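Next come the chains, spelled out residue by residue.
There are 2 protein chains.
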Amino acid sequence: MALIVQKYGGTSVGSIEKIGKVADKVAARAKAGDKLIVTVSAMSGETNRLIALAHEMSARPNPRELDVLISTGEQMTIALLTMALLDRDIDARSYTGGQIRMVTDDAHGKARIKKIQSRKMKADLKAGRVVVVAGFQGVDDNGNITTLGRGGSDTTAVAIAAALKADECQIYTDVDGVYTTDPRIEPKARKLDTITFEEMLEMASLGSKVLQIRSVEFAGKYNVPLRVLSSFEEGEGTLITLENNDVEQALISGIAFNRDEAQLTINGVPDQPGVASKILGPVTKANIEIDMIVQNISEDGCTDFTFTVHRNDYDTVYALMEKVAKKLGAKKMKGDDAIAKISVVGVGMRSHAGIANLMFETLAKENINIRMISTSEIKISVVVDQKYLELGVRALHDAFGLDSDGKLKNL
Amino acid sequence: MALIVQKYGGTSVGSIEKIGKVADKVAARAKAGDKLIVTVSAMSGETNRLIALAHEMSARPNPRELDVLISTGEQMTIALLTMALLDRDIDARSYTGGQIRMVTDDAHGKARIKKIQSRKMKADLKAGRVVVVAGFQGVDDNGNITTLGRGGSDTTAVAIAAALKADECQIYTDVDGVYTTDPRIEPKARKLDTITFEEMLEMASLGSKVLQIRSVEFAGKYNVPLRVLSSFEEGEGTLITLENNDVEQALISGIAFNRDEAQLTINGVPDQPGVASKILGPVTKANIEIDMIVQNISEDGCTDFTFTVHRNDYDTVYALMEKVAKKLGAKKMKGDDAIAKISVVGVGMRSHAGIANLMFETLAKENINIRMISTSEIKISVVVDQKYLELGVRALHDAFGLDSDGKLKNL
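Sequences listed follow chains A and B, in order.
Counting in our numbering, the first sequence runs from 1 upward without gaps.
Counting in our numbering, the second sequence runs from 1 upward without gaps.
Errors might be hidden in some of the hints.
[Unchecked claim] Label-pair ranges, simulated between beta-carbon atoms:
hint: 1; chain 1: A; residue 1: ARG259; chain 2: B; residue 2: SER118; range: 52 to 58 Å
hint: 2; chain 1: A; residue 1: LYS21; chain 2: B; residue 2: GLU168; range: 33 to 39 Å
hint: 3; chain 1: B; residue 1: PRO282; chain 2: A; residue 2: ARG119; range: 39 to 45 Å
hint: 4; chain 1: B; residue 1: HIS55; chain 2: A; residue 2: SER277; range: 43 to 49 Å
hint: 5; chain 1: A; residue 1: ASP24; chain 2: B; residue 2: GLU168; range: 50 to 56 Å
hint: 6; chain 1: A; residue 1: ASP24; chain 2: B; residue 2: GLY149; range: 44 to 50 Å
hint: 7; chain 1: B; residue 1: SER230; chain 2: A; residue 2: ARG259; range: 52 to 58 Å
It is worth saying that the hints were derived from the structure and are not from the lab.
None of these values were measured; they are calculated from a predicted model.
Glycine residues also receive a C-beta, built at the ideal position from the N, C-alpha and C atoms.
One chain only, chain A, in its complex shape (with noise of 0.2 Å):
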């Protein structure tokens, strides 16, 4: 009998159908014993349809209102799930943010979760009730609703997960499990049975969409098993864990890419203390998110900087940079948001030299020019010509192995 809590999103509840056949798959879990946490999302096109009802009526909608309003979608749901439970013979009972006092800060579309009272929910499961849970949302300090942004269900799913000691987080998803890469762009991509909670985190931050990141660090901080599987589909899906501790274990877990990143350089830029503060200080002030940074040194005592953020950023940060190039006496800037990132990701590369060899000579292979290296210690990340994506993906995936068992014999 053990405890579960589990997490299905929009996609997964996405028309009444749809909620039926999730109500199907808990009700077989709880009749088999298990004790069951569900935490939903909106309906799929729900929160768009919330979203743009807001933007109809304001240019601007208020934050804190903006969460009022589409905190509904998820409120929808877990009713909606709730009665399928009931006439299944399911004792079951809904609760939004608010009233499991899942408590956040007050940054109204990106809360944060700062505690949770757990009264109500082990009182229910006690009572051998199905708790169901509106994702994505709580409520401040002085009970005003806030959402945790995007994907934020995930985290809902971890936070409850860490907070009762469930045995298992099962984010249930389009998808089946994580990949070595993309399968719409390398078809011989492979579904991993286990992935480190690091790995994961390089490949949730890379654009592989399988999970939100804040609620794989959450998962791992508090050392809650976290399992990705299908709604759809059977199957044991992927499981995230602390430690992977096959000693035969794979050097590299996956290709992860971003295509939503663009690049801005200045360069001969006078090397004196404290510039990458006057580069990136103004960046960082607008609340815009800095990705890769590289700094090199030029000839004559320059230095040269880069960095990458979001596209949709580009145009402001360009705007910045243009100030700060001039202030700063900079020989040259310049910008481009036709770039990619490629990454390749594992924790075996720790102990392995040559991974970076293999990686670069693969791409020169292919005459795909490297404009910006990265690396930490389980990725390394290049910036290269966005048309390269494709090439430079299924290159990579071939050249580390990633199709067979991942087990590299090229080095």
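With chain A fixed as given, assemble chain B onto it according to the hints.
Just chain B, lined up with the frame of chain A:
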């Protein structure tokens, strides 16, 4: 600087454009210096959409979960209206029923308000904010979401006005006031400037759907001045007052009617103590409301018993009465659902004889047969064949001089 509670119904907030117009109205009033609390219904059509979803999901949606679902309708409106107010430079904040602790009993779908926490609203008013509150909804003592039933937004407004001792509670609707009768039946119907609570209660309960009856009771009980007025047209509407101070007041305020009733008669029941409860007990137990009840002694120590119920309940009650009639040894039972009730209403009739007679004479002149009569302090109701409804209403409206000043010359 008055404290005003306003309520806008579903048609008044039926589209983004209409919500914008409501915001204009509220903003103008706020800029004029009044303190405002605005309660709103769901956008027209939204509640029906949600109920349809529930019935698509479940043949008998669980009442607790149905409330969780349909309460999202008003939550959408409060967010959208508050966004619109903020865009008009009016500081404003929205609250769900749960957020201001609109505490009700736990009768889901028809809950009654027990108390309201006014702390947050008072603080906002003091800070110069317009407070926007979701109508129609509350929470029970355990924090479960409840709804007050259709039309409950009126009650929300009145309850808040009572709790905060507002100077006036203004119910904005799609009509511009209370009329002497339905203008669709009698084009000469005249808008009343004032009406007493008691009269309004009789008018509302008889199918003049301007205000929800419970809100009028509530307003009368707590002495909240209530005004009905149009969202779409300018005008003073109709003020509902505790006492009509006009000495030369009209005898009759209006002609109300109801075509949603059905009549059941049991003839020749042995007249013994307890007969009424034996007949009506099963109806009450089935949770069906009874409207008019008439009992007459017939010949031979037997009694005839007639009552009316809502037409939707007719088949159920007919089946119940067949059993009851058999058990009681009644001679005959019959039913009719093609009836209509017409009533003359007015506090003035208290001190005037002859009203009933004029009513009966007027109907007789039109050859309308009266099937049932029931009277109260300020109302006389008759049941007639449904086909005579329009004719009867027009004849009475004329006979009581309601198209002019309502100061009766005929008596």
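Okay, which hints does this one fail, numbers in order? 2, 4 and 6
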